[in-house]
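Number of protein chains: 2
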Amino acid sequence: MPKKERQQQLLQIIEENPFVTDRELTRQLKVSIQTIRLDRMELGIPELRERMKQMAEHSYDQVRSLPVDEVVGDIVDLQLDKSGISIFEIRGEHVFSRNGIARGHYVFAQANSLAVAVINAEIALTASADIRFVRMVRLGEKCISKAYVRSLTGRKGKAEVDVFTYVGEEMVFQGHFVVYRSVNEEYSEGVSRSADRH
Amino acid sequence: MPKKERQQQLLQIIEENPFVTDRELTRQLKVSIQTIRLDRMELGIPELRERMKQMAEHSYDQVRSLPVDEVVGDIVDLQLDKSGISIFEIRGEHVFSRNGIARGHYVFAQANSLAVAVINAEIALTASADIRFVRMVRLGEKCISKAYVRSLTGRKGKAEVDVFTYVGEEMVFQGHFVVYRSVNEEYSEGVSRSADRH
DNA sequence: CTAAACTTAGAACCTGGTACTAATATGTAG
DNA sequence: CTACATATTAGTACCAGGTTCTAAGTTTAG
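Residue numbers (the numbering used here), protein chains in the order written: chain A, 1 to 198; chain B, 1001 to 1198.
Please note that the accuracy of each hint is not assured.
[What the hints assert, rightly or not] So the derived label-pair ranges between C-beta atoms look like this: (1) A:PRO2 <-> B:PHE1019: 37 to 43 Å; (2) A:PRO46 <-> B:GLU1047: 18 to 24 Å; (3) B:GLU1050 <-> A:THR26: 20 to 26 Å.
[To be verified] Derived coverage of chain A by chain B (criterion: at least 3 residues anywhere in the stretch with Cβ under 8 Å from a Cβ of chain B; other residues may be distant): (4) 115-125; (5) 140-151.
I should point out that these hints are in silico values taken from the structure, not numbers from a laboratory. Every residue gets a Cβ at the ideal spot worked out from N, C-alpha and C, and that includes glycine.
Please take these sequences and the hints and turn them into a complete structure.
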């Protein structure tokens, strides 16, 4: 069997069973263990333990990253129906462990939370948004979001809010949010009382 | 320090960082490595490698498709660079406590995670998104997101992904994501050696 | 004081490798 | 055919992160 083909088979075997040892690969491919190891090196496949470790770290990240908190970021300034500012520091649980870059939904969550918080209504819900991740945000960076209410339509209806997030001087995110607001009404069954942002 | 207390500390340390070696535990608990190992045995805590293996196997069973990245929601189907489906149940911690309506960023997070997971690349990051919350999602509802890759540009570059989220028959969210992707393997830093980690 | 419980030490061994050297096939081009 | 290259196999030394076992101290309680 040609080398190329063997290496393709090796790739496939490991892909469908990452827990296979080199010793077992020798049995399946009928070559010496050294050949297996040379092949792995050429293909850039790490050893069994490293593969397991990577999988373990991956799943560990996943478990840790679930609780996106109520309001993401600390609101440090709030002028209802006008503007607001919040601060959010990117910590380990917010990033991809592989490269330390923040997951987009955390950056979004900060902006979304602020866009909703800045609206003075008993119920405020995001209706739609147009967002742009201007540059990646890294572990340890402090995101400062500023929200500006651009328009309000009546007591009920929609509000438009622009949010810009900065790390230092640099803008990292921008978003245009359309927020549904209601002072008294509900939408089928959901009761509305006093506003519920935190 | 009494034995019981030490074992409680050991449990706690391992729980919050399962990737710790015995050698590091000796430094933290100031006892010999043999004591650490006796403690682990009494507590039924397996060795580091076994812990990693179990985590790896667990995550491998859970979602059999390989590169299920850090995701909000359970991925139940994944065809890389084509489509994917994930399920996410709205629980108490995801809603506004007053009215039981899901916070937008959770619904977004599910869609965003899926849009990133469906892309077959070593690095995939959301560049921008155009999203619409079609109707509110309530406590207890099961969100089913379906992602479709609409275009791919080269090995590197952008991908466009549409995501639709349903509760039952009803569409509750739709989003158009532009995802930055890169198949890049950096040869500058930690290529093969086991140099990098916690 | 003494026995039980606890702690530490050390050596042998294990798995699943890496790193490196060296010998032996098997081609393949001149 | 020879010479050189590539591929394969073999073997040794070494590593991390342990297990197992034996044995010797050290507390502590009765």
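Which hint numbers doesn't this structure obey? Number 5 only.
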